[in-house]
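*Asks:* First to last, the sequence lines map onto chains A and B. Counting in our numbering, the first sequence runs from 1 upward without gaps. Counting in our numbering, the second sequence runs from 1 upward without gaps.
Honestly, I wouldn't trust all of these hints.
Claimed, not checked - Some chain A residues well away from chain B (every beta-carbon gap over 10 angstroms; in silico):
1) W224
2) L230
3) F316
To be verified - To be clear about the criterion: a stretch of chain A counts as covered by chain B if any three or more of its residues have a C-beta under 8 angstroms from a C-beta of chain B, and this derived list gives those stretches:
4) 100-108
5) 232-244
6) 430-439
To be verified - Pulled from the structure, derived: some chain B residues nowhere near chain A, Cβ distances all over 10 angstroms:
7) R42
8) P49
9) E62
The hints are simulated quantities; they were obtained by calculation from the structure and are not laboratory data. Quick caveat, the model's predicted, so the values are computed rather than measured. We treat Cβ as the ideally placed atom computed from N, Cα and C, and that holds for glycine.
One-letter residues, chain by chain:
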Amino acid sequence: MSDPNVRLRVALVGNPNSGKTALFNALTGSRQRVANYAGVTVDRKLGMLRTPQGRELELVDLPGTYSLRGRSPDEIVARDVILGRAEHETPPDLLVCVADATSLRLVLRLALELRRTGRPVILALNMMDIARRRGVDIDVEALSAELGVPVIPTVSLRRAGTRALLEALDHGAARIEANPRHTRTAATWREPDAAGLRALDNAVQAIISRTVRHPGRPAGFTQWLDRLVLHPVLGPVILLAVLFFVFQAVFSWAEVPMDLIAAGFSWLQHAITMVVPAGPLRSLLVNGLISGVGAVVVFLPQILILFLFIILLEDFGYMARAAFLMDRTMGRVGLHGRAFIPLLSSFACAIPGIMAARVIGNPRDRLLTTLIAPLMTCSARIPVYTLLIAAFVPRRSVWGMINLQGLVMFGLYLAGIVSAVGVAWLLKRTLLRGSLEPLLLELPDYKLPGLRNLYHGLVLRAGFFLRRAGTIIASAMIVLWFLSSYPAPPAGATGPAIDYSFAGMLGHVLQPALAPVGFNWEIVVALVTGLAAREVMVAALGTVYAVDAATGATHGLAATLAAQWTLPVALALLAWYVFAPQCMSTLAVTQRETNSWRWPAVMAGYMLVLAYVAAFGTFHLARLVTGV
Amino acid sequence: MIVRKLPGTPAVGEHAEPMDLTATLPFPGEAEAATRGRPENRTTLARLPKYLAAQISAIVAEASARESGLPPEEVERRLVEMGFVEGAMVRIEHAAGLAGDPIAVRLDGRRLVALRRREARCILVEPVGGTAE
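Could you build the full structure based on these sequences and the hints that come with them?
*Replies:* Set out below in C-alpha cells:
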C-alpha cells in the first residue's frame, strides 16, 4: 500500500455534452469544490470519491474537449492538465475518458490520443441506456480489446450506474500502487498533422465497424423536431417565441421572490435599527451594507430563472440549434454563431455572459463578444429604468393599446442591442479586424435534461453570484458608505448630509464635466456610487434626496425626482444608462478573462464615450422638442 | 496618331482584364476545387442539393482558408476532426434561414453537424444517386 496521504488523482476527460459533468456529480455527490485554474478563468472542479475498497481518490472534472490539440482556453486547460504541463496542477495518475455511447466516433479518437500519452486510461461508456434504447449495440468486451483499455458502461443519472466504474477505479489504482516506478511526470504527446488525424480516424472507423452495430437511422424524434426547429422560416419564428417566453418568465416569475427578498432585507434593516443604537455602526450596517448588498441580491431570482432556461435549453440540445439559426445574422456584424448564448446570458448580467464567451475558440471572436456583452440590458439596469420611467413617462396608452411606459422600456432594450450591433460592426473593422472563424458545430440528438445537472448548475451560479455580492459589492458598499457619510455635516446644516461628505465633494468636482449632458451634482454622486453595481444608483439617489428608498418607498422617490428634474434630464440619464459604463465588476471580469488591462480600458472608454454622446444628444434634442 | 485615353477607361484590347470565367460561381476558388477530381459528377458539399446523398472524395482546404484566416492545414484538420473524412457519407438536411447558410449535414446517416457553406466547399463529394428517404 502506498502512502495513504498521497491520494491518487483521477481526471475525467471527454467531449462536450458527453454527460461528463453529470458523471462527476454522480461520483462525488456533494464532495466537490469549484475554483479557477491559475491565470485563466476556466472552472476547476475537484471532488473526492470513495471506492468500494475504501480508497479515497481525487477526481478532477476537466473542461470538455474533442482532442488534445487545445483550440480554446477550455481545451488548452484540459490538455495541459492531462499532459502534466499545467503549472500548480498535479498531473493525473489515471484518466477516465467519458464517452457518449450514442456517438462514439469523436471520443474514441480522443481515447486513442489519451492512450498515447502513456497514462492509464479507463473508458466510461456513458448514456448506455439511451444508446440501447436507440438500438446502438456495443460489444463492450471487443471494444476493450481493440482499445487496450478497460471499458465500463455507466448510467450517470443514477448512482448505481457508477458502481462498475468505481470498481474499475479500484482496480486501476491498485495497479498504480503496485508499480514502484510510478511517478507523476509530464506525458509526451505530439500534435498530429492532417494525415495523422486521418490515420487516427481510420483506426477509429475500423474499431467502430468491428465493435458497434448501429440502427439504420438516427433518432426519429430528433429528426421530426429538427424539421420544425431548423426550418428556414419556422425556425427563427420558434426561436423568437422561445426567447419571448423566457424573458416573460424572467420578469413575471421573479416578481414574488424578489419582493420577498426585498422585504427580508428591509426587515433586517428594521431589526438592526431596533438592536443597534444610533450611530456610525448602525448607519454602516443599515445604510451601507444591507441596503447595498440587498440591492444586488434582489436580482438573484431573475438570474436564476434565466439560467434555469439556459441550462434546460442547452441540455435539451436547443442552444446549438439557436447558434446555427443565428450564425448568419450575427456573422453580418462579425459575430460568431456561438456568441449567441453568452450574449443571451448577458441580459441577466454581463459577468456570466462574459464567462460563457469561453466557448468561442478564436480569441478575436471571443474578445468581440466580451466587449459588447455589457451593452445587453442587464437586470441591474432595470431598477433604474423602472424608477425613471415611473417618474417621467406618463402611464397612458399610445395607438390604442400599447402601454407607453412598456414601449419606452422596450425602446431602451432595443437601443442596447442596436448599439451592440453597431459597436461590433465597428470593432470588427478596426481593432479586431480579421475573418470569421469556421463554424463547426455538432447538433446533438435531443434529450431530456437531467434534473441533477440542472440543480448543480443553478447552485453553482447562485453561489458565484452571492459570493460576488458578499465580497466585492459588500466591500465597495462599505467604502461608499464611508465616502458619503464623512465628513459629517456641520451642526445646523440644512442640506442633505451627503452634500458635505467626500462623495458630495466628488460630485461637485465632477459635475462641470457632466453639466453639458444636463446632470446635476446629485446625479453625479449617484453615478459614482453606481460603480459598485449599476442598481445601487437607485439607493444612492434615495440617500441624496433624503428619501428612504430602501424601505420600499420607491414611489416617494419617483415623485421627488419628478419634481426636481426636468424631462430632458431624466431622458438623458436613461440614455446614459443604456451604456452605463461604470460597472466595476464587469470591467474586473473582463480584466481577468482577457488577462490584460488594455481590453477593460477599451471597454470602459468606448462605453463612456457612447454614454456621454447619447446623453448629450438626448438632453439637447429633448430640450429643443419640449422647450424646457 | 495618338489615342488619348480617358482616365480610368482602358482602351479595348490594351489593358482590359481577361474575362473572369469563375465570376458566375458563388464562391471564388470553388471551381478549381470542384474540377480537380476526375469523375464528372463531382461537386462540393456547398453546392450539393438538399437531401441528396453523397460520399466525400477529398478535402481541399485551400478553397476556404483565404477567408477564414486560418492555414489550409488547420481548416482541413478541423473538418477531419469533425468527421468529414474521405469515404464518409453526407447529406444536407437543413439550411438556415432564407440565405440557406449555414447548413446542417447528416454524417454517415447519424450525426448532425452544422457548418458554413464557406467551409463546405472544401469538401469534394460525389453524389451516390437518389434522394435517400
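*Asks:* Against this structure, judge whether each hint is valid.
*Replies:* Verification of the supplied hints:
{"no.": "1", "hint": "W224", "verdict": "holds, 12 angstroms"}
{"no.": "2", "hint": "L230", "verdict": "violated, 4 angstroms"}
{"no.": "3", "hint": "F316", "verdict": "holds, 15 angstroms"}
{"no.": "4", "hint": "100-108", "verdict": "holds (count 3)"}
{"no.": "5", "hint": "232-244", "verdict": "holds (count 4)"}
{"no.": "6", "hint": "430-439", "verdict": "holds (count 6)"}
{"no.": "7", "hint": "R42", "verdict": "holds, 20 angstroms"}
{"no.": "8", "hint": "P49", "verdict": "holds, 15 angstroms"}
{"no.": "9", "hint": "E62", "verdict": "holds, 13 angstroms"}
In this structure, the one hint that does not hold is number 2.
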